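Visitor: Spelled out, the chains give:
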Amino acid sequence: MSGNMKWLWLAIGAVVMLALPQFVTSSFAIDIFIRILLFSFIGVAWNLMGGYAKQLSLGHAAYFGLGAYTSTIMQVNYGISPWIGMIAGGVVAMLASLPIGWLCFRLRGPYFTIATIATAQVLMLIFLKFRDFAWGAEGTTIPNLGSAPLMMQFEEKSSYYYVVLGLLVVGLWITHRIEKSWIGYYLVAIGEDEDAAEAIGVNAPKVKRDIYMISAFLTALAGTFYTQYIYFIDPATAFSFSVSIEAALVSIVGGIGTLWGPVIGTVLLETTSALLQSWLGSSVGGIQLTVYSLILMAVILWRPTGLIGFATDVYHRTIRRKPARA
Amino acid sequence: MWETLAQAVINGLLIGGIYALVSIGVTLIFGVIKIVNFAQGEFVMIGMYISFFLATQFGIDPLVSLVVSMPVLFLAGVLIQHFLIRRVLGPNDMPQIFLTFALSLLLLNLSLMLFTANYRTVHTSYSDEAFHIGGLYIPVAKLIAFAVAMALSGLLWVFLHTTDLGKAMRAASQNRDVAMLMGINPNRVFAVAFGTALALAGAAGSLLMPFYSAYPFVGQVFVLMAFVAVVMGTLGNVMGALVASLMMGVAESLGIQFVGADSGLIVVFALLLLTLAFRPSGLGARRGR
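Residue numbers (my numbering), protein chains in the order written: chain A, 395 to 720; chain B, 256 to 544.
Hints in this document: simulated from the structure, not taken from any laboratory. All figures in this text were calculated on a predicted structure; none of them were measured in a lab. Be aware that one or more of the hints could be misleading.
[Claimed, not checked] Every beta carbon over 12 Å from chain B, so not counted as near; a handful from chain A, in silico:
| no. | residue |
| --- | --- |
| 1 | N398 |
| 2 | L450 |
| 3 | A482 |
| 4 | V563 |
| 5 | D587 |
| 6 | T631 |
| 7 | S636 |
| 8 | W673 |
| 9 | G680 |
| 10 | Q682 |
[What the hints assert, rightly or not] A few chain B residues facing chain A, derived, Cβ under 10 Å:
| no. | residue |
| --- | --- |
| 11 | M256 |
| 12 | G314 |
| 13 | L354 |
| 14 | L363 |
| 15 | M368 |
| 16 | A372 |
| 17 | G421 |
| 18 | L509 |
| 19 | I511 |
| 20 | L528 |
Glycine included, each C-beta is placed from N, C-alpha and C at the ideal position.
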């Protein structure tokens, strides 16, 4: 795509996204849009580490939960606005990512993945025990103040939509900047072959640490937003394994290590699950993840490059008549 | 005090036997095929449901239903290896991790759809029986499960060390490329390894049924323990997995007894993280792989 065309598409996209809540008033639909934006954002954060550097974390719930708990504890116990708590949560997650990264990054492949699962589990278990200031297993509801934009509480669902849209734009912008900078190339080199990357002078531990911190920071912001949106927190939700799963899933299905991959993947998976829900109601437990896992298996077996890779293939074959890349 | 300690150790060892069946399966698959099977726990769950339905529909004792659950899961393993795993073998970790992970999600959620989230139990004549030795209490069902688990582990050891196929599997796990050059048929060896691992998971499921409830998420409990044991015992090392599983069972039990009822897993994970922190090179082979 030429530069001008790209800006045109981006402008059209921006107008559509901004105008959407004005035309769609159904609360069910807005809720789906918010979920799509939120999980796109989490996927984008995961993709920095998991996609570009191919460090397959299944423990991002650790940072989601830390973000959620930091802002909620600050708000409920000390009355501090979640806008501040959100940034504080991000910082806490960044700090936590240092020891966790130190621990996990010395491990490769499946060892790394298992270690990330374990760290998220440990944090969940710890918050289950913290009854004094973090409410233990029962969790707590967040006091509903009605309309209080300064406390990140809105009467209109569309306001939440704009908040999470803003987060996603920030996430995509950061990814874009990283993708175009030397650190992006370093990440891809690490993802291809870490030993070879180090051999040509990439300081792999430092690059991974820095990107992991950014990834953790962004994931924590999502945690704060989600808790504010559902007005409830407990360890099982905040550190839910399914958050870790979905972060990875949307990226792989959409296209791992690409700017728009996590967004495309989320749109597909969340639309599918919304359709399933409206056809079947919530009566059949498990159907949503059953379909997710089938999509994931199909992608891995037939289109390992994800939907973006598939679309690029088709585009090159049918429109550009250029040889498709593998 | 000493009695409480001894009781906790016994409880831990007894459940550790089941962890061993699961983790030996994981380590066997990793050793031979170089794949971590994230779905191993779901096969324990399937083993449990097989025994549950055989018990409730036909009145078959869960321990007897071992002779059904093991072959069924062996066959499932051969088919999964042939139709799924074989297609993602390669230098790249990503498809392997996420294929077995997707399989785990699929089986878990299919069972949620088919069987609902309800807990299913089978009550046998020996479910509530226990031996009392001194002040110690040894539940019969758990003791049988432990004994059978150890016997199966022993059989596997004999199989790996005395039969040609077993030796081929060990050779493949030590150096796959050289083994292939020596004329070992990888497809056959991989299929038997995957099948055997799943059969062990099935056995674990059947052995658990007299004293544990079956529900769709049950596999996650066991696979988590198995991963910890497998990483601590060195991925791919059958003996290491066995010893580490028993240790994990004891660590969990001591945690529950002396730290708090909800703290068994904290102790286990703390052990794992400590190991990873101080002996990452002691895990697996060279460079933690």
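Visitor: Run every hint past the structure and note whether it holds.
Guide: Hints, verified against the model:
1. N398: 36 Å, holds
2. L450: 6 Å, violated
3. A482: 25 Å, holds
4. V563: 28 Å, holds
5. D587: Violated: least Cβ distance 9 Å, not greater than 12 Å.
6. T631: About 16 Å separates A:T631 from the closest Cβ of chain B, which puts it past 12 Å; holds.
7. S636: At roughly 10 Å from the nearest Cβ of chain B, A:S636 sits no farther out than 12 Å, so the non-interface label is violated.
8. W673: Per Cβ check, A:W673 is outside 12 Å of chain B; nearest 14 Å; holds.
9. G680: 3 Å, violated
10. Q682: With a cut-off of 12 Å, A:Q682 comes too close to chain B, as the shortest Cβ separation is near 8 Å.
11. M256: 24 Å, violated
12. G314: 29 Å, violated
13. L354: 5 Å, holds
14. L363: Given a least distance of 8 Å, the restraint on B:L363 holds.
15. M368: 4 Å, holds
16. A372: With a minimum Cβ separation of about 6 Å from chain A (threshold 10 Å), the hint on B:A372 holds.
17. G421: 24 Å, violated
18. L509: At 16 Å from the nearest chain A Cβ, B:L509 fails the 10 Å test, so the hint is violated.
19. I511: 13 Å, violated
20. L528: 6 Å, holds
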